[in-house]
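Mind docking chain X on chain Z? Use the hints.
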Amino acid sequence: AQRVTQPEKLLSVFKGAPVELKCNYSYSGSPELFWYVQYSRQRLQLLLRHISRESIKGFTADLNKGETSFHLKKPFAQEEDSAMYYCALGDSNYQLIWGAGTKLIIKP
Amino acid sequence: DAMVIQNPRYQVTQFGKPVTLSCSQTLNHNVMYWYQQKSSQAPKLLFHYYDKDFNNEADTPDNFQSRRPNTSFCFLDIRSPGLGDAAMYLCATSKAGGIHEQFFGPGTRLTVL
Chain Z
681 AQRVTQPEKL LSVFKGAPVE LKCNYSYSGS PELFWYVQYS RQRLQLLLRH ISRESIKGFT
741 ADLNKGETSF HLKKPFAQEE DSAMYYCALG DSNYQLIWGA GTKLIIKP
Chain X
502 DAMVIQNPRY QVTQFGKPVT LSCSQTLNHN VMYWYQQKSS QAPKLLFHYY DKDFNNEADT
562 PDNFQSRRPN TSFCFLDIRS PGLGDAAMYL CATSKAGGIH EQFFGPGTRL TVL
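Read top to bottom, the protein sequences are chains Z and X. Okay, so the first sequence: first residue is 681 according to the numbering used here, each after it adds one. Okay, so the second sequence: first residue is 502 according to the numbering used here, each after it adds one.
These are computed hints drawn from the structure, not numbers from a lab. C-beta: ideal position from N, C-alpha, C; glycine also.
One-sided and incomplete, this derived list gives chain Z residues near chain X with beta-carbon spacing under 10 angstroms: (1) Lys689; (2) Gln718; (3) Gln722; (4) Arg723; (5) Arg729; (6) Met764; (7) Gly770; (8) Asn773; (9) Gly779; (10) Lys783.
Isolated chain Z, as found in the complex (with noise of 0.2 angstroms):
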């Protein structure tokens, strides 16, 4: 069965220190991993994603078949990095997987 884990319902670390929030998922073919991003009161969107290998906002995510898993890091937390952050699988049928969610929290 296709399905997205995120964990950690909450996450909070102070500002400086390092984040992962966690991902693992399950799928039978070639993945395409997504992390979404919802800050307060702003629409959903796309932080990154595993084929464009990018850095946003200081955000990483490498995706590792061998432990399936798309974990999201950030070596320094910043206070407006404080959102929900979801990660997501997409399938054949143009749909999205979604795991939990993990909400950060980012303490000054």
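Chain X only, in chain Z's frame:
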């Protein structure tokens, strides 16, 4: 700027009174989606259109219907809203021909009294 627009941003309706939410896009994307999102939960796909082809999710209640009269517009009709239908409704679009980024509208928050 090309974008996804939803109207109204806030909608209040009464229990059982039909309501229509609208979505328009200037991205000229083939695929349009409707999601329901409840507080602090992931978006839940209700249905999507690939051009005019309608694809309903198996667990979407019959109470929810949709129309896509042209490429730019898509409507969500809730025929008899219940208290459990109070949620944020998100419209999104994407290109066809592969797995692409979905672009989201700001959402319509539906309140059912």
